[in-house]
Amino acid sequence: MSDDRRVAVLGAGMHPWGKWGRNFVEYGVAAARAALADADLAWRDIQYVAGADTIRNGYPGFVAGATFAQALGWTGARVSSSYAACASGAAALANARAHILAGLCDVALVVGADTTPKGFFAPVGGERRDDPDWLRFHLLGATNPTYFALYARRRMDRFGATDEDFAQVKVKNARHGLANPYARYRKEVTVEEVLGSPMVADPLRLLEICATSDGGAALVLSSMDFARRHLGRGAAGGGPRPLVGVAAVATVTPSYPNTVIEMPNFATDSGAVASSSSVVPFRASIARAAYEEAGVGPEDVSMAEVYDLSSALELDWYEDIGLCGEGEAEKLLREGATTLGGRVPVNPSGGLSCFGEAIPAQAIAQVCESVWQLRGEADGRQVEDARVAVTANQGLFGHGSSVLLVR
Amino acid sequence: MPKTRVPAIEGWFTTDEASPTLLGARCAGCGTYSFPPGGSFCPNPACEGTELEPVPLSRRGRGWSYTDARYAPPAPYVAPEPYHPFALAAVELEAERMVVLGQLVPGVTVDDVQVGDVVELVLDTLYEDEEHQYVVWKWRPVGAGPAAGTAGEGGSDR
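Residue numbers (the working numbering), protein chains in the order written: chain U, 1 to 407; chain W, 1 to 158.
Honestly, the hints are just simulated from the structure, not real lab data. All C-beta atoms in this analysis are idealised placements derived from N, C-alpha and C, irrespective of residue type, glycine included. A hint or two may mislead.
[Unchecked claim] Covered by chain W, per the in silico footprint, the following chain U stretches (three or more residues, Cβ under 8 Å):
no., stretch
1, 35 to 44
2, 146 to 156
3, 269 to 276
4, 388 to 396
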């Protein structure tokens with residue numbers, strides 16, 4: 001794997017997830033200061049700020065990069081603000097990385113934070129009859145769990161997945177998150193408790209659908225040269241704390257025709273004229289692009305952080321990131337391969353199951369956890385000898401995101 | 001006085017109550033289908049077409065998957081009081097090779113249907129106000145079975 005396309009992660013920081021009800025800027029600044037401290041750098045050292053936007057917190061949320069920069073104190077740093085729904089954090093990360101790789105800056109800060117309403121995510125206000133996100137609620141009553149449940153039921157019919165399999169994903173992630181100080185839910189659950197929780201969107205139950213949370217996450221990135229100078233190391237690396245690098249950031253869109261029904265759409269693309277047979281399905285294309293960019297394969301992966309919006313969706317991701325073949329995810333789960341101590345632990349952080357979703361922070365949080373795992377600093381949830389981590393996430397309206405990290 | 005039945009959205013389906021169809025768009029250049037209609041550009045990246053003609057979509061398809069809504073969705077969904085859960089279907093249309101969402105007619109639950117079952121399009125009331133019934137498309141299982149029968153009475157024939 002070539003080194004010249006990598007950037008270094010010098011610092012990772014988070015504000016604990018919860019339902020704190022405070023301004024999102026507080027979480028973002030707390031995460032940024034934690035990441036800077038972790039990097040042993042000062043805010044004044046940052047040359048570029050990449051903010052991940054939130055659309056539920058007014059204008060400051062639409063210009064998140066500048067909002068965080070102002071809250072930290074104007075320094076003249078260059079700035080960007082990105083929105084890509086659930087993949088916003090990866091979009092911000094991609095901007096920062098591109099600036100570093102292009103030689104436009106040495107050190108960059110990536111920040112995302114959110115304050116969320118209670119209950120189902122609803123579209124932003126106003127009557128907007130030209131917005132599919134508004135219309136799917138109005139005409140169908142199709143909430144986000146509707147789409148997750150359609151995938152889950154399909155898994156059951158095609159691959160024989162059971163309610164117990166889905167519940168076991170929740171049980172696993174709840175156990176993983178127990179020791180994570182940033183997780184919102186730190187409580188073990190049993191299969192019986194999961195199956196006993198109220199059905200929300202058949203076959204998915206309340207404990208299998210991710211909550212909406214407040215939280216913030218941040219990263220300090222730099223060029224590899226800067227990182228080596230800063231850490232006082234030679235080109236060979238070494239020293240007490242392993243240097244973690246970003247080897248790929250895939251922010252791909254689907255290829256036509258996308259034949260899986262995607263939130264917030266009413267229909268898939270049509271395969272009548274353009275055949276779907278030669279097209280890689282969207283979710284599977286996301287990590288594949290990251291693997292290709294990094295020059296590694298799924299067989300090299302030590303751990304994964306995937307977007308478990310539902311318990312069942314985590315199983316789809318096993319296949320989509322190449323941990324197993326189609327229809328084999330249940331077997332992988334039942335074998336314990338994706339549990340801490342197994343061959344390739346998935347969501348050692350506890351995942352969305354333990355965090356709930358703080359949209360613009362989530363893709364960044366996946367990277368924070370991967371960094372701590374690769375450094376061997378994930379107390380109480382450490383993946384043994386983690387060397388390569390992959391994250392995967394999908395934002396509505398066709399935003400893929402996958403980050404490949406190595407040490 | 002009976003309420004006037006009006007489409008909950010204009011131009012997405014025909015209002016022929018006996019035999020309604022969804023109205024998709026078909027590119028005059030390459031023949032690619034899309035739904036909903038109203039777009040300005042052919043979605044096929046191999047085509048630069050901008051003439052999208054309204055076209056009726058197949059009235060029948062096969063269930064790709066199903067779910068339901070046990071809790072009232074938030075606004076802008078207009079949920080009745082008291083709330084009754086409803087089921088939804090993603091339906092695969094063979095000729096168009098696309099999957100289209102829709103509610104299942106009242107009375108049909110996820111336990112009444114299997115992936116691959118044939119369903120057909122009907123019109124049903126989505127919500128009402130003082131003067132109007134707002135109508136939307138829904139899917140109804142085809143063939144025998146108590147669920148389909150119940151749905152016929154309670155669903156499309158109101």
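Coverage of the stretch 35 to 44 of chain U by chain W (three or more Cβ within 8 Å) | violated (count 0)
Against chain W, does the stretch 388 to 396 of chain U show at least 3 residues with beta-carbon separation below 8 Å?
-> violated (count 0)
For the stretch 269 to 276 of chain U, do three or more residues have a beta carbon lying closer than 8 Å to a beta carbon of chain W?
-> holds (count 7)
For the stretch 146 to 156 of chain U, do at least 3 residues have a Cβ located nearer than 8 Å to some Cβ of chain W?
-> holds (count 7)
The structure fails to meet hints 1, 4 from the earlier list, while all remaining hints are met.
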